[in-house]
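Novice: If you want the building blocks of each chain, they are given just below.
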Amino acid sequence: MAGIQVTRKLRSKLHGSWMIISFVMVMLVPVFLSIGLYLKSRPLFVDQGIFEVLFSSSWKPMAGKFGLLPFIVSSLWVTLMSLIIAIPVCLLTAIHLTQYAKRWVLRIMHPVIDILAGIPSVIFGVWGILVIVPFVANKLGPLLGKQTSGFTIISGGLVLAVMIIPFILNILIEVFRGLPDELSEAALSLGASKWQSIKYVLMRKAFPGIVSAIGLGLSRAFGETIAVLMVVGNVTRIPTGFFQPGYPLPALIANNYGEMLSIPRYDAALMFAAFVLFVIVTLFNFLSRLAIANIEKHS
Amino acid sequence: MTDKRIRYIEEGFFRVLMFFSTTGIVLTLLLILFSILMKGLPSLSWEMLSQTPKGGFYYGKEGGILNAIIGSLYLSLGSTILAFVIGLPVALFMNIHLIRYKRLVNAVRFFLDLLWGVPSIVYGAFGFSVMIYFGIKASLIAGIVTVTVFILPIMIRAIDEALKTVPRGLLESTLSLGATRSETSYRVYFRQSFSGIVTALLLSFGRAIGDAASVLFTTGYTDHIPTSLNQPTATLPLSIFFQLSSPIQEVQNRAYASAVVLTIIILIISLSVRYFEKRFHKHKIKF
Numbered sequence: 001m002a003g004i005q006v007t008r009k010l011r012s013k014l015h016g017s018w019m020i021i022s023f024v025m026v027m028l029v030p031v032f033l034s035i036g037l038y039l040k041s042r043p044l045f046v047d048q049g050i051f052e053v054l055f056s057s058s059w060k061p062m063a064g065k066f067g068l069l070p071f072i073v074s075s076l077w078v079t080l081m082s083l084i085i086a087i088p089v090c091l092l093t094a095i096h097l098t099q100y101a102k103r104w105v106l107r108i109m110h111p112v113i114d115i116l117a118g119i120p121s122v123i124f125g126v127w128g129i130l131v132i133v134p135f136v137a138n139k140l141g142p143l144l145g146k147q148t149s150g151f152t153i154i155s156g157g158l159v160l161a162v163m164i165i166p167f168i169l170n171i172l173i174e175v176f177r178g179l180p181d182e183l184s185e186a187a188l189s190l191g192a193s194k195w196q197s198i199k200y201v202l203m204r205k206a207f208p209g210i211v212s213a214i215g216l217g218l219s220r221a222f223g224e225t226i227a228v229l230m231v232v233g234n235v236t237r238i239p240t241g242f243f244q245p246g247y248p249l250p251a252l253i254a255n256n257y258g259e260m261l262s263i264p265r266y267d268a269a270l271m272f273a274a275f276v277l278f279v280i281v282t283l284f285n286f287l288s289r290l291a292i293a294n295i296e297k298h299s
Numbered sequence: 300m301t302d303k304r305i306r307y308i309e310e311g312f313f314r315v316l317m318f319f320s321t322t323g324i325v326l327t328l329l330l331i332l333f334s335i336l337m338k339g340l341p342s343l344s345w346e347m348l349s350q351t352p353k354g355g356f357y358y359g360k361e362g363g364i365l366n367a368i369i370g371s372l373y374l375s376l377g378s379t380i381l382a383f384v385i386g387l388p389v390a391l392f393m394n395i396h397l398i399r400y401k402r403l404v405n406a407v408r409f410f411l412d413l414l415w416g417v418p419s420i421v422y423g424a425f426g427f428s429v430m431i432y433f434g435i436k437a438s439l440i441a442g443i444v445t446v447t448v449f450i451l452p453i454m455i456r457a458i459d460e461a462l463k464t465v466p467r468g469l470l471e472s473t474l475s476l477g478a479t480r481s482e483t484s485y486r487v488y489f490r491q492s493f494s495g496i497v498t499a500l501l502l503s504f505g506r507a508i509g510d511a512a513s514v515l516f517t518t519g520y521t522d523h524i525p526t527s528l529n530q531p532t533a534t535l536p537l538s539i540f541f542q543l544s545s546p547i548q549e550v551q552n553r554a555y556a557s558a559v560v561l562t563i564i565i566l567i568i569s570l571s572v573r574y575f576e577k578r579f580h581k582h583k584i585k586f
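Residue numbers (the working numbering), protein chains in the order written: chain A, 1 to 299; chain B, 300 to 586.
In case anyone wonders, no lab produced these hints; they're calculated from the structure. Be a bit skeptical, because a hint or two may be false.
The calculated SDA-like cross-link candidates involving lysine to any residue, where the alpha carbons are at most 25 angstroms apart (straight line), are [unchecked claim]:
hint, chain 1, residue 1, chain 2, residue 2
1, B, LYS577, A, GLU174
2, B, LYS401, A, GLU174
3, B, LYS436, A, LYS194
4, A, LYS199, B, ILE308
5, A, LYS194, B, LEU469
6, A, LYS13, B, GLY311
Model the full structure from these sequences, guided by the hints.
Specialist: Right, here's the structure in full:
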């Protein structure tokens, strides 16, 4: 009897320690990540200065010049493009699904959103090359009077938009569902139409949630690699329009890994690109999640 | 009167837009699946699924992508198991040992959500620089470890969401009957949230098999099926990516066929998630 007691206690102890070890390991991941990236990229801004690296547009690894500006600007363009498409679509769909649609529509949309969210990045890239790039080159470009190969910011933005739509939409549906029913009921009882109650009451109440959903979508779009890399053209130049090729930060890292060891400081530059990516994405995530946590607390 | 009419027109206008954006999302998904299947299915053959690349494979000669299929399965299975071994105790710890410290648990959830948002290319780049530091070559084990770190937050949060639904009364009653906390963890909480845990495993597996950026530098690429953890390993996403960048039409067609294989694997996972979410409520105690 006593023996069983001891093994039970021992098992519990062992399990308890493994729990704590795992817990600490997981908590230390971002610490190691940021310290490691920082130490690796430090040689770069010791001899160039951090602002020189961030805001210089000359990228000549062979001459030891590593200006990240073209890549940062490209990332911003592609992300902006994807948000311009994704935000209205997500807002309209979320309002439709939570305010107007019948239940069976939601029952169809849930698996659709889940499957869309689960499709791997590289498949979106293949789809982009198959459908989006020819569409931009042969239809959209000529329609707007532009000559393009199709491998442009706008293609990257379109593919990215489809990738972040399920992500933003899921959060928006939660946001609109979390609004108290009394709000629209009060508006309706005062004589507002359904649309007025949505436009003047629900949208206003949901505004912080909408902004955070967009923030989360933004950070997801900013770090997306393979799909964008496949359709965006990858030309090192600061883009000035949607119909020009771009070269976003993640694509820079992914494309240049092979040769980074042969050129001095190259690895530091790429690590710094990863560090910038990490900081920007985590910052946006942090702010948006904080806002969402605040909304949940107040409701 | 006219004011009212404008309002109705406005509502009608936006309702039409809403309808179009909702159907637009469904149609986009169908378009993606349809275009990949249409382009890839004609090039898909038994030879592609059952053979490794032969000489001249990358010039359009014979061979298949078995190396990438098996490699991806090894990699995803390995990292899912590893992430489960680390992630399950963490999730249990949060929901059983720390249940009294609600703010701490919420802070940990917040933190894990932040980790989940870190792009996979950052994990890949970091993993690669750690490998250089220790002199490790691109290999299956390096890939498994990197992907594990990448899927851990998803694994823990998904299990955590399942454990959250277990009523607290169960914890109190089992402890009051003299069970140790580890017995409560595995005999009660684990069984109560079994379907959620299976869902978490499938979700993590799906993430692991579909991600390309984290394995790009850590796992390497090879034409052979790996026989040990120290060998480089081919993966499906990378095999699609590399074949598609070839100028030869034959090879590009194979990339589309490989994309069909990956899409079908992902669809099977998505459908099984739906299935498991509905089933396995047999042992569930409701309060």
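Novice: Tell me, in ascending order, the numbers of any earlier hints that this structure violates.
Specialist: 3, 5 and 6
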